[in-house]
Every structure is written in C-alpha cells, then in structure tokens.
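Make the full structure from the sequences, and use the hints.
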Amino acid sequence: DAGVTQSPTHLIKTRGQHVTLRCSPISGHKSVSWYQQVLGQGPQFIFQYYEKEERGRGNFPDRFSARQFPNYSSELNVNALLLGDSALYLCASSLLHSNQPQHFGDGTRLSIL
Amino acid sequence: KNEVEQSPQNLTAQEGEFITINCSYSVGISALHWLQQHPGGGIVSLFMLSSGKKKHGRLIATINIQEKHSSLHITASHPRDSAVYICAVNYGGSQGNLIFGKGTKLSVKP
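Order-wise, the sequence lines are chains F and W.
If you read the first sequence in our numbering, its first letter stands for residue 31, the second for the next number, and so on.
If you read the second sequence in our numbering, its first letter stands for residue 3, the second for the next number, and so on.
Each hint should be verified, as a subset may be incorrect.
Claimed, not checked - Each computed SDA-like pair below joins lysine to any residue, with the alpha-carbon atoms no more than 20 Å apart:
1. W:K104 / F:A32
2. W:K104 / F:L69
3. W:K104 / F:Q71
4. W:K107 / F:L69
5. W:K104 / F:I142
6. W:K107 / F:G114
7. W:K104 / F:P100
The set of hints was computed from the structure by calculation and includes no laboratory data.
Okay, structure coming up:
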C-alpha cells in the first residue's frame with residue numbers, strides 16, 4: 031500500500047512568489063495535517079483538515095492557507111514568500127481526527143532565495 | 003503554555019550501549035508519540051502511547067502520566083539507530099494536531 035506522498039520533493043522560489051505543496055494521504059485516511067520544520071527545530075503545526083473541514087490552525091500568518099479535496103488529498107498554499115519560509119514542509123495523515131498514529135510523508139524542502 | 007521538552011539534545015553512544023531519551027510535557031495529554039527522523043527528513047512513527055509501556059524489537063517506550071514524563075529506551079544500540087528521535091503529544095479534545103519537542107540527535111559509533 032502506498033504511504034503518504036508529497037510533491038514536489040524539492041522546490042526553489044524567490045521572495046514574493048507563491049507556492050503550492052501537495053499531499054496524498056494513505057488510502058482511507060481522512061485527516062491530513064501540515065507541519066513546518068525549520069532546520070534544527072521540531073516541526074510546528076500549521077493546519078489540520080478532517081473530512082474536508084479545517085479542524086485546527088497553528089500560529090502562522092494568513093499568507094498560509096490550505097484545503098482538502100473530496101478524495102482527502104490536500105494542498106498547502108503560501109503567498110508572498112519570505113526568506114523565513116525556507117523549511118521542510120511535512121504532511122501527516124491519520125484515520126481519524128485525534129489520538130491516532132500519524133503517518134508522515136517525506137516532506138517538501140522549500141528554499142527561498 | 004504547552005511545551006514538550008526533550009533531553010539530551012545530542013547523544014553519542016558506542017555500539018551495544020543502552021540508550022535512554024527523556025521527554026517531559028507541561029499539561030495533561032491524551033497521547034504521546036515517539037518518532038524517528040533520518041537525515042533525509044522523512045519521519046517514522048515508532049510508538050503512540052497513553053499509559054504504561056510498549057515494546058517493539060529493541061525499542062521500549064514508557065510513560066508516567068502523573069509525572070508527565072516519558073522515556074524511549076534503545077537496547078543493544080547499533081549504528082543504524084543513528085537518527086533524530088522526536089517526542090510529540092496530543093492534547094486531546096478538539097486538538098488533533100501534534101506538539102513536538104525539538105528532538106534528540108543520536109549518533110551510535112561502531
């Protein structure tokens with residue numbers, strides 16, 4: 031069975047641009063969460079979607095947005111990119127909303143020049 | 003303030019040594035996760051526990067709810083165990099997301 035897949039794996043952008051990151055959860059998983067991991071730090075929560083509705087939002091500016099599609103895949107969008115947005119963006123899926131084993135993708139490494 | 007603290011930050015061991023990584027958290031939780039992250043970035047879930055102890059191969063995870071503390075033990079460590087080990091918690095209720103510690107970087111020398 032396929033695990034959580036994220037695309038692209040690497041991305042280079044310049045300041046002010048916009049980026050869209052994609053995540054496909056494990057088949058049957060209805061919850062998708064997005065995390066940002068800056069080098070040397072633990073991941074920080076950005077969004078959680080469950081059954082296509084936003085269920086949680088971390089302390090990130092409105093430049094960050096996300097959505098979940100009917101097939102439970104998800105997109106994370108970041109507008110007006112800043113140098114500080116350079117990070118590994120991780121997607122995790124789980125069967126239900128909370129207290130579930132989390133399955134992580136390999137991440138998208140975003141570099142802002 | 004919800005915080006997850008891990009210790010040590012860095013750990014170097016000789017192959018075969020018994021390793022312990024500690025995690026403490028500040029408020030009540032519904033579940034605690036131990037995760038492993040290799041240099042490429044991918045994260046693998048090792049354990050999810052809410053009480054007691056779990057064992058998988060050479061890995062053992064324990065949690066003490068009253069003391070708000072968990073430990074991850076690795077017996078007979080091996081160079082392939084070298085990775086970053088991360089503790090994360092669910093605070094439950096409507097909060098399905100994880101709150102992560104900063105991780106413990108383990109290096110096992112042959």
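Note to self: Can you confirm whether the C-alpha distance between K104 of chain W and P100 of chain F stays at or below 20 Å?
What the structure shows: At roughly 34 Å apart (the allowed maximum being 20 Å), P100 of chain F and K104 of chain W break the hint.
Notebook entry, point to check: Can the restraint linking K104 of chain W and Q71 of chain F be considered satisfied, given a maximum Cα separation of 20 Å?
Noted result: At roughly 5 Å apart (the allowed maximum being 20 Å), Q71 of chain F and K104 of chain W satisfy the hint.
Margin query: Would the hint linking K107 of chain W and G114 of chain F be met if the CA-CA limit is 20 Å?
Written below: 24 Å, violated
Item checked: Pairwise hint evaluation, L69 of chain F against K104 of chain W, where the allowed Cα distance is 20 Å at most -> Roughly 10 Å between the alpha carbons, so the hint for K104 of chain W and L69 of chain F holds.
Next item on the list: With a cut-off of 20 Å on the C-alpha distance, tell me whether K104 of chain W and A32 of chain F pass.
Entry: Violated - the C-alpha atoms of A32 of chain F and K104 of chain W are around 28 Å apart, more than 20 Å.
Next item on the list: Would you check the hint for K104 of chain W and I142 of chain F, treating anything up to 20 Å between C-alpha atoms as holding?
Entry: 23 Å, violated
Note to self: Next pair to validate is K107 of chain W with L69 of chain F; report whether the Cα-Cα distance is within 20 Å.
What the structure shows: Distance of about 13 Å is within 20 Å: holds.
Hints 1, 5, 6 and 7 from the list above are not met by this structure, while the remaining hints are.
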